[in-house]
Amino acid sequence: MPDATGLELIAQELRRAEGAEEGASAGSPVIETLFFRGRGTLLVEPGRIRAVLAHLRSRGYAFMSSLHGVDHHPHEPRLGVVYELLDMQRVDRITVKLALASDAPEVDSVTDEWPTADHQEREVYDMFGVVFRGHPDLRRILMPEDYEGHPQRRDFPIGGEPVIFTYNERQSLGSAE
Amino acid sequence: MLRSYLPAIVFLILGGAVGGAFAVLNSVIGPRRATPHKQDPYECGLPSEVKRGMRFGISFYLIAMLFILFDIEVVFLYPIAVELRAYGSYALLETIVFIVLLFVAFAYVWRRGALEWR
Amino acid sequence: MSPTGQATPGTSPSMSDYRRREQSITLSSVEEQLDQASTEELLTLNFGPHHPATHGVLRLLVTLQGEIVREIKPIIGYVHTGIEKTAEDKAYWKVIPVIERMDYLSYYFNAYAYCGAVETLLEVEVPKRAQYLRVIHMELNRIMSHLVWLGTSALDLGAISMFWYCFREREKILDLFEMSSGQRMHTRYFQVGGVIEDIPSGFAHKLNGLLEEMPSRIDQYGALLNSNEIVLQRLRGICPLDAQTLLSLGVTGPLLRAAGNPWDLRKADPYCSYEDFDFKIPVGTVGDNYDRYACRLAEMYESVKIVQQALDGLPEGPHITEDRKVALPPRHELATSMEALIHHFKLVTEGFRVPPGEVYFPIESPRGELGCFVRSDGSSKPARVHMRDPSFVNLQSFSHMAKGAYIADLIATLAMLDPILGGIDR
Amino acid sequence: MKRELLGPPGTGLGGRVDPDVLRVRNLNARQLLRGGDLEGPNPSAHLEGADFERHVEESVMTTTLEKAVAWARSNSFFPATFGLACCAIEMMSIVAARVDVARFGFEAFRASPRQADLLILSGRVSIKMAPIVRRIYDQMLEPKWAISMGACCSSTGVFNNYALVPADKFMPIDVHVPGCPPRPEALMHGVLKLRKMVQDDPDMGWRERYDARGTEEVIPTVGGLGGVDAFQEPAAVSVPPEGDTAGA
Chain A
1 MPDATGLELI AQELRRAEGA EEGASAGSPV IETLFFRGRG TLLVEPGRIR
51 AVLAHLRSRG YAFMSSLHGV DHHPHEPRLG VVYELLDMQR VDRITVKLAL
101 ASDAPEVDSV TDEWPTADHQ EREVYDMFGV VFRGHPDLRR ILMPEDYEGH
151 PQRRDFPIGG EPVIFTYNER QSLGSAE
Chain B
178 MLRSYLPAIV FLILGGAVGG AFAVLNSVIG PRRATPHKQD PYECGLPSEV
228 KRGMRFGISF YLIAMLFILF DIEVVFLYPI AVELRAYGSY ALLETIVFIV
278 LLFVAFAYVW RRGALEWR
Chain C
296 MSPTGQATPG TSPSMSDYRR REQSITLSSV EEQLDQASTE ELLTLNFGPH
346 HPATHGVLRL LVTLQGEIVR EIKPIIGYVH TGIEKTAEDK AYWKVIPVIE
396 RMDYLSYYFN AYAYCGAVET LLEVEVPKRA QYLRVIHMEL NRIMSHLVWL
446 GTSALDLGAI SMFWYCFRER EKILDLFEMS SGQRMHTRYF QVGGVIEDIP
496 SGFAHKLNGL LEEMPSRIDQ YGALLNSNEI VLQRLRGICP LDAQTLLSLG
546 VTGPLLRAAG NPWDLRKADP YCSYEDFDFK IPVGTVGDNY DRYACRLAEM
596 YESVKIVQQA LDGLPEGPHI TEDRKVALPP RHELATSMEA LIHHFKLVTE
646 GFRVPPGEVY FPIESPRGEL GCFVRSDGSS KPARVHMRDP SFVNLQSFSH
696 MAKGAYIADL IATLAMLDPI LGGIDR
Chain D
722 MKRELLGPPG TGLGGRVDPD VLRVRNLNAR QLLRGGDLEG PNPSAHLEGA
772 DFERHVEESV MTTTLEKAVA WARSNSFFPA TFGLACCAIE MMSIVAARVD
822 VARFGFEAFR ASPRQADLLI LSGRVSIKMA PIVRRIYDQM LEPKWAISMG
872 ACCSSTGVFN NYALVPADKF MPIDVHVPGC PPRPEALMHG VLKLRKMVQD
922 DPDMGWRERY DARGTEEVIP TVGGLGGVDA FQEPAAVSVP PEGDTAGA
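Chains as they are written, first to last, in this note's numbering: chain A, 1 to 177; chain B, 178 to 295; chain C, 296 to 721; chain D, 722 to 969.
Simulated from the structure, these hints should not be mistaken for laboratory data. Beta carbons: idealized from backbone N, C-alpha and C, even for Gly. There's no promise every hint is true.
A few chain C positions that, by computed beta-carbon distances, are all more than 12 Å from chain B [claimed, not checked]:
1. Glu420
2. Phe458
3. Ser522
4. Val526
5. Gly532
6. His614
With beta-carbon atoms standing in for the labels, derived distance ranges [unchecked claim]:
7. Arg831/D / Asp112/A: 43 to 49 Å
8. Gly196/B / Gln539/C: 57 to 63 Å
9. Asp3/A / Glu473/C: 40 to 46 Å
Simulated crosslink set (DSSO-like; lysine-lysine; CA at most 27 Å straight-line) [claimed, not checked]:
10. Lys676/C / Lys97/A
11. Lys890/D / Lys385/C
12. Lys385/C / Lys97/A
13. Lys575/C / Lys562/C
14. Lys890/D / Lys215/B
15. Lys676/C / Lys620/C
16. Lys501/C / Lys423/C
17. Lys385/C / Lys641/C
18. Lys641/C / Lys620/C
19. Lys389/C / Lys423/C
20. Lys676/C / Lys389/C
21. Lys423/C / Lys620/C
Isolated chain A, as found in the complex (with noise of 0.2 Å):
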């Protein structure tokens, strides 16, 4: 596991790659970095995604093991998109993760690039409502299709039945109907 120099090494080495890359304007994609139970987080600017994604696979990191949505409901922003990214030949993972406002949750798809992503990406879609721009068949790929709302939001309802009790046989009954 990259540990934590090492993780500050690299964060420091995207600064630089990107940085130069992007000119200065743009700033380092690199937002903050974690270093939690052994293992190294990047958080990461949304609309840089592909080029850290890019420069982590030269640096070794040639294995995406997962891509998946986070709802960090009350803190905005709030739609969270994790990447777990795995070095086969040193046996190191390190997890780039980036924050998306609820009200423009756009990113782009980085199918192209590693094509594992093409599900994953579908069901972050379909539960949290990421929109990954670049997608080649962006749709619901758990709900039925003509489901309205994502569910795995942190706000939507988790439904079921109200179990019928005694005490509300028959309050309940009537609403289940």
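Using the hints, position chains B, C and D against chain A.
Coordinates of chains B, C and D only, in the frame set by chain A:
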């Protein structure tokens, strides 16, 4: 003369009766309830979209014809194979001619590549 | 989400709007994408949710040209149970039974991936004996999962009797699970911090009996299928996929190892004291269906060896962590000590609180890398639980494998892919 | 050949329970669920005359031919495999050697609904799958029965959330097998209960042992010609009800 055929006739009658019973019994006892959904073609639980005028590929028909051709050939060989000694050497010669003829057809079909699935 | 306009021909007007909307994935759209140059008639069929050979409710939109498969679009979600949403609504230790029902053939792996993630968050040290017990149950579960796969896949290829042999062994393994935890499937034996109870006295004896006869049984399966002419015709050289494409598609597990890449998390990144055991990783060469079959069969031998070593080297000591904030105190302690009562009450009512943070905990399940991502916001309920299911990612490689093959090969390849729809749809 | 009943109907003192009383009590139980009042002058007035006649006529075993047919049917069910989730694995193991369902004639698991007359719903029915299950059930030929195996199918079991639909919401179920997943022996017990139900002497189980008459909650169907469906609750999933339900 009829006596010697009796077993065959009884066998035919019994076969016909039992077969017929199974066919008829179903419509007599089984309840009938035609609903629109039951008429739909079954396609793994989804409304089927196979269009009516769907034509199958030519290869299916080719394979079917070739199968019938060579299957009938085998059917003709059965009676001979059972009683070859009774028919004497003439039957053996006849069978060989029969098989050689069909073998020519088989070689032609094989060379033309009709057996591979295109 | 653009339902393709007009209702498909032949749908009666009385059909409900849901049914009309449900057909928004009309099949004609798939046909246009294919080049129409081919004179042959293209037929698009639903290899649908209710099909004996799809190993669950997987729907494949298959476009056929005669017998040859030209295009496959897997459509999933037919057994989506919203497990990750339900997990956010329960206390940490109540999530285990919900998580176990995801990939319903490897329930010990689901439970361990989740418990591992929560233990990493809590920084709880699991005692050695609990780790060994977990390895024993996980490897037995791997054998059972491969047995069900072998039974149903041989059924797909026509070897019906294999089904009865494999389920005979499966019953023995489930007896052991029942002995240690009281139930055959979804046993909730793993707790956060260890296992719920120590194994009963007769367990070791019965397990030794099973381990003695298991290799000979696997030899019997091999004798039946390895050099069987039909199996060779159906599997050898059919739908191969090289390791590089598999890696780019994120495939792990027996599929990747069959293609020659010996990536196995138990060896590469040992967890739960796997480093104490000596076992080998079966690796294929070509990566076709026969290699996938042979790899899983060989894995069963290795699992038997692991369980044997784990059982012999089972250390003494507690079966669950001593930290009373996480694990329930034993019953007899409740009568005597006051703080045990308080801990018990606190755990049972509200459950333990987990410090805020995010963890991704990957392990090697029978189908590949099973990673559990748990995010906690400091309360006693997880804020997000996501399972990176191997079948979900492996399914993406299926269309690469089976395009251009015959329909019969499509069924054989789907059987060798071993998808579990509970894990795919979560 | 209507069976006599010792006590007045509804008091449950009789030896064998007369099916139409059972039928009425079952419908009343449903009326209760729907909030109808049971204490009215005539408890069976909830059903209109013709409708009530049809139920009684269909559910009472009249001729010996039908009794023989019911015996033949109940001993040779062809289950349509509907393996949805974990219960499917336990359903597969009732076909295996230990708990062998072939002893009762249930072994021929048919894949297509045309050749099946029993639908074993084993697993969770999601809202995406519900119309498909309903369509398969409609495409099965009469007489047909349905067993809902496991808690998820009977009542969304462990996952009471947005994604699951209990099978009772959109199709009539004859036997509910509890368990998650139910043991193979439990499913076998459910199958045998259905067998006796089809032979028109419903196995009262513990009610017989402890003579606890009158405690039947809901026995959806009695009678040889398969279940007769009386309830028309609106389905959670807007599935067109025109497909007929079980039985005659």
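Structure-based check of all given hints:
1. Glu420: Holds, since 50 Å exceeds 12 Å.
2. Phe458: holds (22 Å)
3. Ser522: holds (26 Å)
4. Val526: Holds, because the least Cβ-Cβ distance between Val526/C and chain B comes to about 21 Å, which exceeds 12 Å.
5. Gly532: Non-interface label on Gly532/C holds, nearest chain B Cβ at 16 Å vs cutoff 12 Å.
6. His614: Check passes; 46 Å lies beyond 12 Å.
7. Arg831/D / Asp112/A: 43 to 49 Å: holds (45 Å)
8. Gly196/B / Gln539/C: 57 to 63 Å: holds (60 Å)
9. Asp3/A / Glu473/C: 40 to 46 Å: Check passed, 45 Å falls within 40 to 46 Å.
10. Lys676/C / Lys97/A: Distance of about 22 Å is within 27 Å: holds.
11. Lys890/D / Lys385/C: The given pair, whose Cα atoms are some 26 Å apart, holds under the 27 Å limit.
12. Lys385/C / Lys97/A: holds (26 Å)
13. Lys575/C / Lys562/C: With a Cα-Cα distance of about 9 Å, the restraint between Lys575/C and Lys562/C holds, given a limit of 27 Å.
14. Lys890/D / Lys215/B: holds (21 Å)
15. Lys676/C / Lys620/C: This hinted pair holds, its Cα atoms lying about 15 Å apart.
16. Lys501/C / Lys423/C: holds (22 Å)
17. Lys385/C / Lys641/C: OK: Lys385/C and Lys641/C at ~15 Å, within 27 Å.
18. Lys641/C / Lys620/C: holds (9 Å)
19. Lys389/C / Lys423/C: holds (24 Å)
20. Lys676/C / Lys389/C: holds (9 Å)
21. Lys423/C / Lys620/C: holds (19 Å)
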